[in-house]
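Participant: The residues making up each chain are set out below.
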Amino acid sequence: MLEIKNLHANIEDKKILKGLNLSIGKGEVHSIMGPNGSGKSTLASILAGKEDYEITDGDILFNGESILEMSPEERAQEGIFLAFQYPIEIPGVSNSYFLREALNSIRKSKGEDPLKPVEFIKLAKEKIKHLKMDESLLNRSLNEGFSGGEKKRNEILQMSILNPCMSILDETDSGLDIDALQIVANGVNAHKDANRSFLVITHYQRLLNYIVPDFVHVLVGGVIVKSGDKSLALELESKGYSWLEN
Amino acid sequence: MKDFESNLSNQHESFLSFENKSQYLNIFRKKSFDNFRKQGLPSLLDEDWRFTDLSNFYRNEYKHLDSSDIEFDKNIVPKHIKSLDAHFIYVQDGKLIESPESELFEINDLSVFLEELSEDKLDFFLNSHSEKNVDFTYELNSAFIKDGIHLEIKKNTILDKPIILINFYSSDLSHISTRNIIEVGALSEGQIIEYSFSKPDINFFLNKATSFYLSDSSNIEHLSVDESSKNSYIFSNIKINQNKNSNFTTDSILIGGRIYRNNVHPALKGEGANSNILGLYMSTNNQHMDNYMFVEHEQPNCGSRQLYKGLLKDESKGVFHGRILVHNAAQKTDAKQTNRNLLLSDKAQVDTKPQLEIYADDVKCTHGATTGQLDPEALYYLRARGIEFEKAKLIMIRSFTEELLEFIKSDFILNLHKKTVENWFIESNLAEME
Ligand SMILES: Nc1ncnc2c1ncn2[C@@H]1O[C@H](COP(=O)(O)OP(=O)(O)OP(=O)(O)O)[C@@H](O)[C@H]1O
Ligand SMILES: [Mg+2]
Chain A
1 MLEIKNLHAN
11 IEDKKILKGL
21 NLSIGKGEVH
31 SIMGPNGSGK
41 STLASILAGK
51 EDYEITDGDI
61 LFNGESILEM
71 SPEERAQEGI
81 FLAFQYPIEI
91 PGVSNSYFLR
101 EALNSIRKSK
111 GEDPLKPVEF
121 IKLAKEKIKH
131 LKMDESLLNR
141 SLNEGFSGGE
151 KKRNEILQMS
161 ILNPCMSILD
171 ETDSGLDIDA
181 LQIVANGVNA
191 HKDANRSFLV
201 ITHYQRLLNY
211 IVPDFVHVLV
221 GGVIVKSGDK
231 SLALELESKG
241 YSWLEN
Chain B
1 MKDFESNLSN
11 QHESFLSFEN
21 KSQYLNIFRK
31 KSFDNFRKQG
41 LPSLLDEDWR
51 FTDLSNFYRN
61 EYKHLDSSDI
71 EFDKNIVPKH
81 IKSLDAHFIY
91 VQDGKLIESP
101 ESELFEINDL
111 SVFLEELSED
121 KLDFFLNSHS
131 EKNVDFTYEL
141 NSAFIKDGIH
151 LEIKKNTILD
161 KPIILINFYS
171 SDLSHISTRN
181 IIEVGALSEG
191 QIIEYSFSKP
201 DINFFLNKAT
211 SFYLSDSSNI
221 EHLSVDESSK
231 NSYIFSNIKI
241 NQNKNSNFTT
251 DSILIGGRIY
261 RNNVHPALKG
271 EGANSNILGL
281 YMSTNNQHMD
291 NYMFVEHEQP
301 NCGSRQLYKG
311 LLKDESKGVF
321 HGRILVHNAA
331 QKTDAKQTNR
341 NLLLSDKAQV
351 DTKPQLEIYA
361 DDVKCTHGAT
371 TGQLDPEALY
381 YLRARGIEFE
391 KAKLIMIRSF
401 TEELLEFIKS
411 DFILNLHKKT
421 VENWFIESNL
431 AEME
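Chains A and B, in that order, are what the protein sequence lines are.
For what it's worth, our numbering labels the leading residue of the first sequence as 1, then goes sequentially.
For what it's worth, our numbering labels the leading residue of the second sequence as 1, then goes sequentially.
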């Protein structure tokens, strides 16, 4: 589904990714762990199409085609979704209006009819219930004044409504209390099927008890230094990263 | 500039030679013209005009329009206005063409109204306290006072429908001067809309003034939309005299004009009066929109909220000058001023200047101004969810303008405000036609 080949990326002439290779198959769950500043969010942003980065070498293939020239909205329409580490607050734009616009843009790109407001509200209410979120969050300005946990859940709400096939979760577990973590994990698991893939960026093994990865990768200094199965996460939890750093 | 001024003198002389019905009025007109001459036309050296360069305006040779013989064709009024359920007043080039009859209000041609007034009453309307501190535009407007309307909403009246004053300007290189006097009786309520437009692309000099006189406990919402030609020069004065416990909201949407000077001057003259002063200036190309607010608190326990927002495209320019004057009697004043600007291009520019003069000690007075561009992080977030770039921008721009809506109570004005803004988005290539 997603193939990252020898990816080199800079921001403002600073080298962040230095030859990253990663291949994610259909229905697979991959996890990336790694120290602060190692380039995890950078990779996530590049996958989502953020334009601040310079790709100096390598390629990203999605369903066999390079996406490097695609805009963020085209990637989203193709089914790539990034749950942000730091969701943006947008005052004056209501959460439900935003979600409906997003969903209808994606539907339009597939040649489907837009959902009417009533149909959309029905769908949104069903999903929001599943994530045990307060319905009033739909009418509030997008992320404005949301608590840390509410923002993260709102990202997962967006994922479950937009229905992507490649979801990248950037530290969706940080800032969540223990109950919320389980609810969010349930939301993700409900979305899991043979055609949907996940890239889960996290610092904590705990999340991976709920969202069980097929592969765990360690990103250090802009390259993947080690890959393994879920037991690697446990090993990292006890040993830290220093043993991998050279 | 010299030529422009002497041209105005000639216009005024010939204007006066035809106006001889009222001695009082002619003395007033002469005095006003003398005041104008004493002040002279402003230049960039003038403190109140330092951001607005009128030198191109002075190069034009306008003719004062004394009559309009073109017949008014209602079909030219835009459909979204024409189709509203309201009382319509039609004015062309300042001349009252048609007005509705109602038990609730009375409408007169301004000159007819003024000629029948006693000197005391004339003095009240033309020389009342808040008429002080005027700039040349208002003095000139007084010097040429004749065209326009008088509207009186009787006391204890709740308007059954909003009143819409349609102003159409038809004549290239004309100098049009109009004054509307609007009186609202005690305890009365309603909505008043002024909608102005012109023949496309004409260059004319519009000097318009609307003065409100609000009696005790009256409650009025006012919307002014000007979509005149973008080659015109528009000088507008909105003056509001508020008595005890009156509530007034004025919302100005500036769209037309090569240069648009928008003077708004609410005077809170009775205890417990409240004023919301809203505005949205939306400019493209080389338009220049200059907003000069003067909020005057004269009595205790009054409140004022100014919220002016600028949306500037291309190489257009905006000015916001927010002056608040709190007299020493005006204890417990609660005055707030906010100016926000969204620049849609690197070449657009805004100058903002607050000016607070406070002579009472127990007051709450705040002001704040921001100018910025669309937040790229927010745009990226919307796009990362599949929303097209242009649509994402439109969502952000629309939400920027919508803050104003929170202050508007009547759905009628709210909807017309929204429709006007949406039309501008389409016209300015920010949105596609539905
Ligand atoms: N705009 C920028 N200018 C300069 N350096 C930047 C910029 N954005 C990111 N970086 C740098 O890129 C490096 C990688 O950042 P990134 O956010 O990808 O790390 P991360 O692995 O997600 O870290 P964390 O675990 O703390 O979230 C960091 O050193 C960061 O300071
Ligand atoms: Mg990160």
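It cannot be assumed that every hint is accurate.
These stretches of chain A come out as covered by chain B in the derived footprint (C-beta under 8 angstroms, 3 or more residues) [as the list claims (entries may be wrong)]: (1) 130-137; (2) 236-243.
Among the chain A residues that face chain B by a calculated CB cut under 7 angstroms, a handful are [as the list claims (entries may be wrong)]: (3) N63; (4) G64; (5) L68; (6) I88; (7) E101.
The hints are simulated quantities; they were obtained by calculation from the structure and are not laboratory data.
A virtual CB, placed ideally from N, CA and C, is assigned to each residue, including glycine.
Participant: Would you mind marking each hint as holding or not holding in the structure?
Facilitator: Cross-check of the supplied hints:
Counting residues of the region 130-137 of chain A whose beta carbon lies closer than 8 angstroms to any beta carbon of chain B gives 0, which falls short of the minimum of three for the stated coverage. Under the rule that three or more residues need a Cβ within less than 8 angstroms of chain B, the assignment of the region 236-243 of chain A is violated, with 0 such residues. Because the beta carbon of N63 of chain A sits about 17 angstroms from the nearest beta carbon in chain B, more than 7 angstroms, this interface hint is broken. The beta carbon of G64 of chain A is not positioned within 7 angstroms of any beta carbon in chain B (closest approach about 21 angstroms), and the interface hint is therefore violated.
Hint status for L68 of chain A: violated, given a least beta-carbon distance of 16 angstroms to chain B, over 7 angstroms. Below 7 angstroms, beta-carbon pairs count as interface contacts, and I88 of chain A has one with chain B at about 4 angstroms; its hint therefore holds. At a threshold of 7 angstroms, the smallest CB-CB gap from E101 of chain A to chain B is about 6 angstroms, leaving the interface hint in force.
Consistency note: the structure conflicts with the earlier hints numbered 1, 2, 3, 4, 5.
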